[in-house]
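J.: What follows is the residue order along each chain.
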Amino acid sequence: MMKNKQRSEPVVPDVHKTIKAAFEAFDYESNNRVDVREIGTIIYSLGCFPTQADLHDKNSRDSPVQVEDQTGCINLEKFLPAMTKVLMEHKFPSVPEDLLLQAFEVLDKENKGYLEPEQLAKYMTQEGELFTQEEMDEMLTALADHENNRVYYKDLLNQWTIDPDM
Amino acid sequence: MGCGVSKSDQFHKGSRKAVTTIRSAVLIQRWYRQYIARTEMKRRYTWHIFQSIEYSGEQAQIKLYNFLGYLMDNFTPASNERNLISHIFRENEVCRDAEWERYFCYKNIEVPEIYSGPHLTFPLTVEQAVGLVEAFRNKKQLHSRYVLQLLLETWRQLRMLPNINRISTCQSKEITICGDLHGQLDDLLLIFYKNDMPSLENPYVFNGDFVDRGKDSIEILLILFSFLLVYPSEVHLNRGNHEDHIINLRYGFTKEVLTKYKLHGKRILKLLQKIFSWLPLATVIDQKVLVLHGGISDTTDLAILARVDRHNYVSALRPPKKRHQSSAGMSIDSDMDLDTSCRHKSFLRQNSLAFLKPINRQSFQNRSLQDFSDRLKVSAVEEVEISGRRRSILDKDINPPENERTAAASSESLNSLTVVDEWKQILDLLWSDPMTQDGCVPNEVRGGGCYWGPDVTEDFLNRHNLQLIIRSHECKQEGYEFCHNRKVLTLFSASNYYDVGSNRGAYVKLGPDLVPYLIQYQASSMIRELTVRQSAGRTERSALKVLREQVFAHKSDLLCAIKRFDRNNTGLVCVSDWASAVESVMHLGLPWRMLRSQLVPGKIHGGMIDYHEWFNELAIKGVNADHIDQSLLETLYRHRSTLETIFRIVDYDNSGFISIEDFQQTWKLLSVYLKMEITDDTIADLIVTIDRNQDGSIDIEEFMEAFRLTDKKSRLERGRSMFMGTATDLTKLDGDPNI
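First to last, the protein sequences are chains Y and G.
Counting in UniProt numbering, the first sequence runs from 1 upward without gaps.
Counting in UniProt numbering, the second sequence runs from 1 upward without gaps.
A hint or two may mislead.
Claimed, not checked - Short, incomplete list of chain G residues facing chain Y, as computed with Cβ under 10 Å:
1. SER24
2. LEU27
3. LYS42
4. ALA306
5. ARG307
6. LEU461
Unchecked claim - Stretches of chain Y that chain G covers, calculated by requiring three or more beta carbons in the stretch to come under 8 Å of a beta carbon on chain G:
7. 97-105
8. 116-128
Think of the hints as simulated: they come from the structure by calculation, not from any bench.
All figures in this text were calculated on a predicted structure; none of them were measured in a lab.
Using N, Cα and C, we set each Cβ at its ideal position, and we do this for glycine too.
Let the sequences and hints guide you as you build the complete structure.
T.: Written as structure tokens, this is what we have:
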């Protein structure tokens with residue numbers, strides 16, 4: 001395998017190691033299997049932004065999620081090549097920060113610079129890829145400014161920078 | 001589309017807006033889910049960091065103990081080195097009950113007028129026990145006179161208890177079971193707050209590991225013992241692997257007692273040694289639920305456990321010495337055994353440390369307690385022969401009948417051979433952990449006990465007609481965890497164990513239906529104000545601080561390993577090679593690439609790490625440490641827990657000081673253990689550095705101060721370094737701006 005150390009493009013053996021490390025964090029029995037319900041977390045933590053549809057897509061040939069066997073588990077052997085392809089081809093690209101900001105601004109119809117928790121909750125649980133109540137509660141606990149009960153989205157975006165080097 | 005607002009335009013705008021809203025929602029949802037996933041990943045490896053360092057610390061302690069045991073067995077009684085450490089292997093010299101009570105007499109200890117803590121009168125009443133809890137909540141300390149008195153009463157009580165307590169949930173009483181507390185008084189207070197204190201209607205089982213690591217271990221013990229005395233049928237205590245004076249030397253309990261009780265601490269500790277050995281081993285509820293601290297193995301047999309003389313096992317790490325019966329029928333703890341049997345042992349070597357052959361150092365360092373027991377099997381047989389000979393000399397005057405003597409001798413030989421089995425039973429009970437795979441294998445990570453699988457659980461439960469095992473011993477993020485098809489429940493009651501926000505604690509209530517009902521909690525006023533994100537971040541920073549210290553402690557080895565990837569000496573390696581090098585040295589099995597950005601704060605130059613810059617970021621700041629060889633400092637830093645433990649062992653009278661002479665002997669010991677050359681000159685240098693007031697004695701605390709890690713980042717972090725310090729250190733760290 002040719003390694004050009006000057007480029008910052010991902011190199012396959014490195015990618016394999018990264019995927020394995022993430023996989024192993026959920027491989028409780030050390031038998032190279034993870035519960036399919038955890039696979040979303042793994043894919044996200046590898047820097048991808050799949051949609052819910054992507055995560056449940058069992059039909060597309062290259063989907064990393066299609067490899068479910070009868071036990072409801074995904075095997076590393078099959079996950080590894082599929083996920084490698086995903087990473088090399090940037091299949092589920094991340095959302096750039098400015099786009100996210102725009103997204104929040106769309107929801108903030110009155111341009112207040114913040115969202116009321118109820119507003120956010122309404123969107124998250126009724127539109128798009130719906131949040132469960134549990135997810136919503138957790139999000140509000142994490143995001144809302146407890147003093148004045150508002151979600152200051154601009155600050156959040158600044159603070160929650162995604163580490164590009166994964 | 002044209003300009004101007006027509007009806008159709010408005011419609012399109014509206015629907016476009018609706019689409020945009022949905023798309024925005026989707027983006028936000030996706031972004032948020034991604035963030036949570038990464039937080040979860042970080043939480044897992046943070047956990048992994050703490051746990052692997054914790055267990056390797058336990059393993060280190062066992063290795064140290066084995067090393068010292070090896071020394072004990074292989075050097076003449078007169079040798080200096082042996083004298084330094086022999087006292088920790090000595091069972092209590094005072095033997096008969098009357099002599100015991102005299103030794104621990106509290107009666108001449110005066111309680112001064114200014115003492116503002118609680119006064120105890122015996123027999124203890126429930127009001128006093130409750131008062132004690134209140135006093136400790138208000139940070140009072142119980143006077144040593146009352147401590148000794150309380151401990152003596154506790155000892156008397158414990159001696160009456162069987163190895164296995166059998167209790168029942170009769171009259172629809174619910175039994176509350178608590179796991180490890182580890183000196184965290186806040187958690188015990190929280191449990192009492194949520195669940196009321198023990199009473200006739202409110203029975204409790206406390207499942208071991210009451211002490212070590214936390215700063216209020218003695219207070220927890222005193223509270224538990226008080227309630228044991230007041231409600232002997234309702235309060236049950238199981239022994240944990242930390243109810244062991246050898247472990248306490250490393251993990252802070254010894255230090256805590258000596259610091260809080262400067263005058264009588266030593267006596268208190270000695271009495272506690274005895275008490276720990278008398279703690280029951282397990283509790284069975286309604287003949288169906290087994291509660292014990294660690295776990296089981298494929299050889300665990302409750303019948304054997306019920307029969308053992310549990311008090312022979314003062315420390316679970318070493319099998320009991322040979323016992324011989326006196327003519328009065330009482331068993332005598334005797335020091336003489338060790339010396340006389342040593343003289344007869346064929347493999348005794350007349351050596352001092354200076355002549356220790358290098359071949360053997362390797363073997364005892366790698367040995368786990370399993371290997372140790374094999375060695376014992378051989379010597380047990382020899383010991384029977386020796387004691388047989390000895391007995392006949394001693395019994396000449398007494399003239400027991402012929403057949404009785406031979407019968408006694410042969411049953412003794414039987415008993416001796418089962419000493420090993422008995423010991424293993426207890427070791428497994430206190431140290432084992434469950435695993436997901438079937439089978440039963442030695443627990444190499446901890447160094448004692450086994451890993452046991454679901455098949456072993458199944459078999460064990462069937463054989464003993466039980467339905468559930470409740471155990472503790474392992475920290476769990478939610479405070480509890482079921483495994484083995486819900487037949488094993490791990491219960492951990494020390495919340496925020498690794499750091500604030502790391503985990504919840506839990507206790508379980510069991511009614512007549514024997515269905516476990518779990519209650520979780522987290523003791524910290526701080527934690528409630530932190531958001532999920534913030535508390536996870538804190539724990540992560542703390543774990544990383546600990547990890548950075550570990551990494552630094554292996555600097556030389558790391559440099560070597562990294563250089564192998566940098567043949568051209570560019571000073572740079574790629575992240576991948578860096579990760580491989582680090583794992584090859586640290587052996588912690590962590591996702592180094594994920595941790596890279598936290599461990600190597602400098603910039604990456606095109607995907608490459610400047611490793612010299614990385615190492616320079618870390619430095620030891622110490623008392624005139626500059627003139628001391630860096631690699632020596634590093635080795636000492638790496639082993640500072642071991643070093644401190646050895647010091648505490650050598651400091652026989654627990655004064656906190658050791659003489660220069662003993663200090664030199666300690667270094668010789670350490671140099672053998674660590675396979676490292678320390679010249680007399682180096683030691684002299686160290687002494688000059690440390691004995692600042694030149695009074696011929698070394699202050700242990702002062703010495704340990706010399707080895708603190710500072711690096712630019714960690715100064716800003718107030719995370720607790722739980723595994724490098726001991727209980728008192730933690731409180732010191734709070735105020736220290738240099739940490």
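J.: So, for every hint listed, does it hold in this structure?
T.: Here is what the structure says about each hint:
{"no.": "1", "hint": "SER24", "result": "holds (4 Å)"}
{"no.": "2", "hint": "LEU27", "result": "holds (4 Å)"}
{"no.": "3", "hint": "LYS42", "result": "holds (9 Å)"}
{"no.": "4", "hint": "ALA306", "result": "violated (34 Å)"}
{"no.": "5", "hint": "ARG307", "result": "violated (37 Å)"}
{"no.": "6", "hint": "LEU461", "result": "violated (21 Å)"}
{"no.": "7", "hint": "97-105", "result": "holds (count 5)"}
{"no.": "8", "hint": "116-128", "result": "holds (count 4)"}
The structure shown violates the earlier hints numbered 4, 5, 6.
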